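Enquirer: All chains, please: the whole structure from these sequences, using the hints.
Number of protein chains: 2
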Amino acid sequence: MALNLTILGSSGALPAIGRFPTSQYLEIQNRHFLIDCGEGAQIQLARLQISIHKIDHIFISHLHGDHYLGLMPLLFSMHLHKRTSELHLYSPPGLDEIITLQLKHSKSVLNYKIIFHPFKPTEIQTLFQDDALTVETIPLIHKLDCAGFLFKEKIKPRRINKEKLVEGMKLQQIASLKTGSDIFDDVGNLLYKNGDFTLPPRPSLSYAYCSDTAWNESMIDQIAGIDLLYHEATFMQVDIDKAVETKHSTAAQAAEIAKRAQVKKLIIGHFSARYKDLTLLLDEAKTYFANTELATEGITFTLQD
Amino acid sequence: MALNLTILGSSGALPAIGRFPTSQYLEIQNRHFLIDCGEGAQIQLARLQISIHKIDHIFISHLHGDHYLGLMPLLFSMHLHKRTSELHLYSPPGLDEIITLQLKHSKSVLNYKIIFHPFKPTEIQTLFQDDALTVETIPLIHKLDCAGFLFKEKIKPRRINKEKLVEGMKLQQIASLKTGSDIFDDVGNLLYKNGDFTLPPRPSLSYAYCSDTAWNESMIDQIAGIDLLYHEATFMQVDIDKAVETKHSTAAQAAEIAKRAQVKKLIIGHFSARYKDLTLLLDEAKTYFANTELATEGITFTLQD
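Going down the list, the sequences are from chains A and B. If you count the first sequence from 1, position 201 lands on 209 in my numbering, and the numbers rise without skipping. If you count the second sequence from 1, position 165 lands on 173 in my numbering, and the numbers rise without skipping.
Since the hints were made in silico from the structure, they are not lab data. Do not take every clue at face value.
Pairs count within a copy or across copies, as identical chains cannot be separated in the list.
[What the hints assert, rightly or not] Derived pair list, reagent style DSS-like, types lysine-lysine, alpha-carbon separation capped at 25 angstroms:
#	residue 1	residue 2
1	267	250
2	201	170
3	284	90
4	164	62
5	151	115
6	164	201
7	162	62
8	255	115
9	62	160
10	151	121
11	90	250
12	151	112
13	90	151
14	115	128
Fair warning: this is a prediction, and the values are worked out from it, not measured in the lab.
Expert: Written out as structure tokens, the structure is:
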């Protein structure tokens, strides 16, 4: 199983020509998540031929317009496309009120149910959990209460070493081996020792999305050692005053966080419209953390486990 | 002076690939209006290099998402671009509440003032009036209360026939001639007879925007003889059942309205995403009203007076 992260938009608050505001589409363990939903997210999904029907969970980091104003158009399109399955929305408080008011004034009753999951962005909180993965919030430092999201696969089953399988093994016994158990017979004698028949599980992948934040050391422990970090880099270091004033980060700061947290790979985004040549931001980040890439719209980052 | 109408979006409720929802930019007598504001209107304005600073009046026909969800992103961009001048918003009731709530949750205080002008879409009402033009509502028939907008230039001054001007005429006398007056001397003798020195005024241009409507004969009197009519044509006649069900019009119906109202030119738009080849809609309309064009995105229609 792979993790696929597609960048739908990577612009800062003011859209630059040819760049959409923040939105990402994450496929992980056959689950499909939308992370933030700036204006035009559905236009980008359509362009990239990503079906909106698969998305059952949408995570909104905070209620600045460039991170959620594409949501209402998407919700209406899901309705017009006859969606009936439940949709889960995770966001700081207020989004339910914003959506409900707009449905009221358009006299719309959606033919699917929205389940709102308001969260407190100042605390680490588990928002989603199933047998394969968890999603928890990452408290960020911004002008408005804001949280990132940490997607973590759970420990996977051990893999059966097919070459070692012996005739007569039952399916139930194989299933037990995958969980790490040894197999005993009815009277308690060891039949199959787990290590003889299995290989270690595939690694559990992890992705952290840190949308809008000032320099924020406090998250380093939480994201230590993860496979992939998206961290905003609105400004270059030369504009650090603007970053401090607006509670955003520079490319250098994003890279420093990646380095200290010893993540495997960094993606930077949320670029200010003032920068026409984004390679300058990339070069700045790479000075501190070599394995950095730009959140270029339309690109998919893939991690193999 | 010319009237310039630029099409920013012409899609129906569901965005089709490469088409944006409804929005138009109208320049008339050096005034700059935005008419409806579907998702991505500001993206289209940027693409077409139209400055958002000039827009002081925005008219929203109704509160279906595809006609106003690009407004909030535009308002935020105006703020980030340091707008300070007042902005007038004309819409059915509710838009003020929608905007105010979203400003509250983003903890934003705009650095310009919005002046809301809620109107009752079921009545003809003058929304805007100055020395050069008027804007009035056109009641439409739709699932939600909805009005179109009629932009009418006022009668222009008579033009001075420069070849006939005589030496010794005063500027004040020329100004009086433009208003249609004859000029008398101090004791009441006719000095200059108006008709000898002036030509008729240039024609007053008029444009009617009819966003979402079912077949609607009641507006024919109001728009009779105008220069330019935009009328929605969501469906083709073969899909008349869908048009009736959703309270939209067919291309044939739009053309029939144009014909009966004896307008000079018709533009059709708000096309359903089901139609890939829009020339089919154009051909259908032209059967009934020859001078029809498609509301193709990025195109500007110009009327010379």
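Enquirer: Determine for every hint whether it applies to the structure shown.
Expert: Against the structure, the hints:
1. 267 to 250: within (23 angstroms within a copy, 58 angstroms between copies)
2. 201 to 170: within (15 angstroms within a copy, 109 angstroms between copies)
3. 284 to 90: between (40 angstroms within a copy, 21 angstroms between copies)
4. 164 to 62: within (23 angstroms within a copy, 58 angstroms between copies)
5. 151 to 115: Only across copies: residue 151 and residue 115 sit 9 angstroms apart there, 34 angstroms inside one copy, limit 25 angstroms.
6. 164 to 201: Close inside one copy (19 angstroms), not across copies (98 angstroms); limit 25 angstroms.
7. 162 to 62: The answer is within: 22 angstroms in one copy meets 25 angstroms, while 54 angstroms across copies does not.
8. 255 to 115: between (38 angstroms within a copy, 14 angstroms between copies)
9. 62 to 160: within (20 angstroms within a copy, 48 angstroms between copies)
10. 151 to 121: between (32 angstroms within a copy, 22 angstroms between copies)
11. 90 to 250: between (45 angstroms within a copy, 16 angstroms between copies)
12. 151 to 112: between (30 angstroms within a copy, 14 angstroms between copies)
13. 90 to 151: between (38 angstroms within a copy, 18 angstroms between copies)
14. 115 to 128: between (30 angstroms within a copy, 16 angstroms between copies)
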